[in-house]
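Engineer: Assemble chains Z and A onto chain H, guided by the hints.
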Amino acid sequence: MGRGSLVGMPVQLFVTCLVNSLFPDVGKATVSLLEDAGYEVQFPLDQTCCGQPAYNGGFEGEARAQARQTVDVLDATEGPIVIPSGSCAAMVIDHAPELLWCDAEYREKAERVAKRTRELTQFLVEDAGFEVPAGDCRGCTTTYHASCHALRWLGVREQPKQLLDSAGFTRVELEGEDECCGFGGLFSIKAPEISAAMMSTKIDRIEASGADVVVGVDVSCLMHLGGGLRRRDSCVAVKHIAEILAGDRA
Amino acid sequence: MERDQFLGRVKAALRGAQLPDVEGPVDSPPVTFEDPVERFVEMATSVNADVVRIRSTADAVDHIPASAGRGRSIAWDGLDDYVPGIYDSLAAAGWERADATVGAGSWRVDHQRIGTATLGVTAVDVAIAATGSLVLAHGAGRPRSASLTVEHHVALLPVTRIVNSLEAAVAHVDWEGTSNVVAITGPSRTGDIESILTLGVHGPRHLTIVLID
Amino acid sequence: MTSFRDRVRDAFDEGVPVAIDRGARGHYEKRVQATAAFPQMEQMRDRARRIRADVIAHLDEHLATFAAAVEAHGGTAFFAADAAEANEYIVGLARTEGVSRAVKVKSMVTEEIELNPVLEAAGIEVVETDLGEFIVQLAGEKPSHIIAPVLHKDRYDVAELFAEKLGVEYSDDPSQLNDIARTHLREKFLTAEMGISGVNFAVAEDGSVVLVTNEGNGRLCTTAPRIHVAVMGMERLVRDRHDLAVMLEVLARSATGQGLSAYSNVVSGPRRPAEPDGPDQFHVVIVDNGRSATLGSAVAEILYCIRCGACLNACPVYRHLGGHAYGSVYPGPIGKVITPSLFGLEEWHELPAASSLCGACKEVCPVRIDIPKLLVELRRQSTDEMQPSIRRGLAVFAWLSTKPRLYRLATRVAALFGRMWSRDGWLRRIPFALRGWTGERDLPAPAKQTFSDWWRNRGT
Numbered sequence: 001m002g003r004g005s006l007v008g009m010p011v012q013l014f015v016t017c018l019v020n021s022l023f024p025d026v027g028k029a030t031v032s033l034l035e036d037a038g039y040e041v042q043f044p045l046d047q048t049c050c051g052q053p054a055y056n057g058g059f060e061g062e063a064r065a066q067a068r069q070t071v072d073v074l075d076a077t078e079g080p081i082v083i084p085s086g087s088c089a090a091m092v093i094d095h096a097p098e099l100l101w102c103d104a105e106y107r108e109k110a111e112r113v114a115k116r117t118r119e120l121t122q123f124l125v126e127d128a129g130f131e132v133p134a135g136d137c138r139g140c141t142t143t144y145h146a147s148c149h150a151l152r153w154l155g156v157r158e159q160p161k162q163l164l165d166s167a168g169f170t171r172v173e174l175e176g177e178d179e180c181c182g183f184g185g186l187f188s189i190k191a192p193e194i195s196a197a198m199m200s201t202k203i204d205r206i207e208a209s210g211a212d213v214v215v216g217v218d219v220s221c222l223m224h225l226g227g228g229l230r231r232r233d234s235c236v237a238v239k240h241i242a243e244i245l246a247g248d249r250a
Numbered sequence: 001m002e003r004d005q006f007l008g009r010v011k012a013a014l015r016g017a018q019l020p021d022v023e024g025p026v027d028s029p030p031v032t033f034e035d036p037v038e039r040f041v042e043m044a045t046s047v048n049a050d051v052v053r054i055r056s057t058a059d060a061v062d063h064i065p066a067s068a069g070r071g072r073s074i075a076w077d078g079l080d081d082y083v084p085g086i087y088d089s090l091a092a093a094g095w096e097r098a099d100a101t102v103g104a105g106s107w108r109v110d111h112q113r114i115g116t117a118t119l120g121v122t123a124v125d126v127a128i129a130a131t132g133s134l135v136l137a138h139g140a141g142r143p144r145s146a147s148l149t150v151e152h153h154v155a156l157l158p159v160t161r162i163v164n165s166l167e168a169a170v171a172h173v174d175w176e177g178t179s180n181v182v183a184i185t186g187p188s189r190t191g192d193i194e195s196i197l198t199l200g201v202h203g204p205r206h207l208t209i210v211l212i213d
Numbered sequence: 001m002t003s004f005r006d007r008v009r010d011a012f013d014e015g016v017p018v019a020i021d022r023g024a025r026g027h028y029e030k031r032v033q034a035t036a037a038f039p040q041m042e043q044m045r046d047r048a049r050r051i052r053a054d055v056i057a058h059l060d061e062h063l064a065t066f067a068a069a070v071e072a073h074g075g076t077a078f079f080a081a082d083a084a085e086a087n088e089y090i091v092g093l094a095r096t097e098g099v100s101r102a103v104k105v106k107s108m109v110t111e112e113i114e115l116n117p118v119l120e121a122a123g124i125e126v127v128e129t130d131l132g133e134f135i136v137q138l139a140g141e142k143p144s145h146i147i148a149p150v151l152h153k154d155r156y157d158v159a160e161l162f163a164e165k166l167g168v169e170y171s172d173d174p175s176q177l178n179d180i181a182r183t184h185l186r187e188k189f190l191t192a193e194m195g196i197s198g199v200n201f202a203v204a205e206d207g208s209v210v211l212v213t214n215e216g217n218g219r220l221c222t223t224a225p226r227i228h229v230a231v232m233g234m235e236r237l238v239r240d241r242h243d244l245a246v247m248l249e250v251l252a253r254s255a256t257g258q259g260l261s262a263y264s265n266v267v268s269g270p271r272r273p274a275e276p277d278g279p280d281q282f283h284v285v286i287v288d289n290g291r292s293a294t295l296g297s298a299v300a301e302i303l304y305c306i307r308c309g310a311c312l313n314a315c316p317v318y319r320h321l322g323g324h325a326y327g328s329v330y331p332g333p334i335g336k337v338i339t340p341s342l343f344g345l346e347e348w349h350e351l352p353a354a355s356s357l358c359g360a361c362k363e364v365c366p367v368r369i370d371i372p373k374l375l376v377e378l379r380r381q382s383t384d385e386m387q388p389s390i391r392r393g394l395a396v397f398a399w400l401s402t403k404p405r406l407y408r409l410a411t412r413v414a415a416l417f418g419r420m421w422s423r424d425g426w427l428r429r430i431p432f433a434l435r436g437w438t439g440e441r442d443l444p445a446p447a448k449q450t451f452s453d454w455w456r457n458r459g460t
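Chains as they are written, first to last, in my numbering: chain H, 1 to 250; chain Z, 1 to 213; chain A, 1 to 460.
For reference, chain H alone in the conformation it holds in the complex (with noise of 0.2 Å):
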């Protein structure tokens, strides 16, 4: 059990739109790791798109709406933010309130939720001190893959192996673990010969490390290292944090 037990505290849900559309077993995942480590987990149900993938195009006036939004649903809420990807809590704690800084009426909220926000596995391992209790599949060999936000800007590296660790994973390093899968959201679509390139790269380290399972902390990430995999009838399965640690309990 973690620190959330002994108040049963509230944390806020920030599911994302690409685990909302496309992967929502990440966020059951998280709400059950979450509830495992004592806390009782909330969703506000008018979030939507943290903005990023505008922010990032350079759509400033879109990133904008989007940030807004995102920024007036979480400040309507207490207790800490919990978002299990790096790249969209990357977004809300660091370019959200940059993005905002000129409007008068946002600029400290969106300060506010920053402060408030952290990625699902920073959460655990720093503010929960959460131990994951010990499950099935822990015959299968994992290697993390470092997500570039959640590793650059969040600092994210050594927590989520932890908590591999402490589950009992078998983990092996991932050469060049720290290296761009080449998804860079619209970049894969812009540079598609340099994203695939760099993906044939980093897959061909996954498959070499001799894992069986990818995990990551990022959906974006896992979805095109995913979608490689596949186009290339590789065994090697992907895996958010979320769902390997809480296995068959989510």
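Label pairs and their calculated CB-CB ranges:
{"no.": "1", "chain 1": "A", "residue 1": "22", "chain 2": "Z", "residue 2": "108", "range": "40 to 46 Å"}
{"no.": "2", "chain 1": "A", "residue 1": "92", "chain 2": "Z", "residue 2": "38", "range": "53 to 59 Å"}
{"no.": "3", "chain 1": "Z", "residue 1": "92", "chain 2": "A", "residue 2": "92", "range": "51 to 57 Å"}
{"no.": "4", "chain 1": "H", "residue 1": "162", "chain 2": "A", "residue 2": "448", "range": "32 to 38 Å"}
{"no.": "5", "chain 1": "A", "residue 1": "42", "chain 2": "Z", "residue 2": "159", "range": "30 to 36 Å"}
Calculated cross-link-like contacts (lysine to any residue; reagent style SDA-like; alpha-carbon spacing at most 25 Å):
{"no.": "6", "chain 1": "H", "residue 1": "109", "chain 2": "Z", "residue 2": "21"}
{"no.": "7", "chain 1": "A", "residue 1": "30", "chain 2": "Z", "residue 2": "164"}
{"no.": "8", "chain 1": "A", "residue 1": "362", "chain 2": "A", "residue 2": "324"}
What the hints contain is simulated information worked out from the structure, not anything from laboratory work.
These figures come from a predicted structure and were not determined experimentally.
Ideal Cβ positions, reconstructed from N, Cα and C, are used throughout, including at glycine.
Structural biologist: For chains Z and A alone, kept in the frame of chain H given last:
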């Protein structure tokens, strides 16, 4: 473009500029080593310099390479302050001391003559332990060619001239008295071809540092 | 000029040399080691950033100080608004002084202003002296990396080139190739009337310029010829020697993992009266060529750059693409910002788009330039270039995001269509804009039920 007009454009650009704030430290804790001499030897060796430590200046001559026949050398003035009798020793070892002066009118001929010298001998103004570097300030009687156009550069370095870091070294150079100062870290090198290291591209192939204790 | 996309395709069709990735990665690893071995590195980077930020924020004042100091030490400072003015000055000087041969140290800014062809058209032989630059000059090619020009060639390429162009016996031993170049170029150094260099740094306090090389050609080009011309981008200043020391601490470590390069040379003016060797004339050509416009723009921070190349070595795009596909004198992450900034976003908008914003560049930059942020800024200025279908899609999606109930409805509808089009829960082909995706990989189909609907039905 006229200077004022050019600078005016820069100034105008700065007026509307969206530059980040100037922030951050102006200083940092100094680099220090328990044994700077030891560190210097370690670092200089790691960059392919030959470092020899001598207790008596008489031993210095042992480290002057033998000249194959009548070789030419370029030696700074004033070296006998570090190693008395060094000029005689050089002559005895078969080295003819070349005139390293380049005249404005005779530069082609002078370059050819200086180019035949294969050995250069210099002093060192200050040396840097952190990187194994030698700092040389050029001037009267201190030609650049002695550490540049030759095959083998021999540097005479009293141990007391070693300081910890580059920042510390700055204070030990007479900047206003020279038009040219160089920090030398090992012999000339390149990795341009397949990142394979080769020595002696456009500078000396060999660097011998004679550490005088 | 071909489009960036075409150059990328060509690069992949031809097969980007493995050497690029290996070389870049090698330098990156060395930087990691050097940083680990230098406990003060992070503090030095903070100081270096501040030093550059401060100088840029008062650039006009420091340039004035610099030019006055150059002249006080017997040199000449020339201010060139653009490439044409800079080239005109240098060619004019060469003609006046009867220069028939010029030796050059590698200089990015002289490539930017395209100095060599101008000198050659005036009948002056220009000899590049960095081994890598000498090789690309012989081969009639362009360099592929800003500090390692022939990353794209191996020893056999060089061996053949030397045998063909220099009339020497074929040898692919790197040591011997080195010696061939040494001998050949030594003759050029000693007979050239003019030496042309760039600057790694210029010091405002005393009007000196700093040349950093491993080979020694920086020293020889600025010692043997009678005239030394140093060309500098106007932003390459530091205030004084103490600031210079900090910059030198981070430069070589970031570029190649060395503590210091073999030769760090501070040149202040022509030789003094009593000095036995050195040039009789010293000219500094201070170049704007779009830098003042950059200074006034939203990407002004890019002017902090000290051209170390660390960002190239860290960049996964550069490692996969090599330097040539960028089509610019400045490749890599730095190139993606400085190229459109100096030469026009209209022509170069594809460069800022060609990044996954992974941040590896930002992580290694010795002056902590936030390149991803600058790339996003450039994308803001070029949204018109984005495909209309994507722009519309993003606009619609953003609008929907501000209408939560409609958003929930729309995601339900998408889920329905996804179920209809997918096979085994994956989409193999998506038409229209997202075609680029499914060319290379499958896309998961929308889930049968959104997380939001699951949560509501959960009833807690």
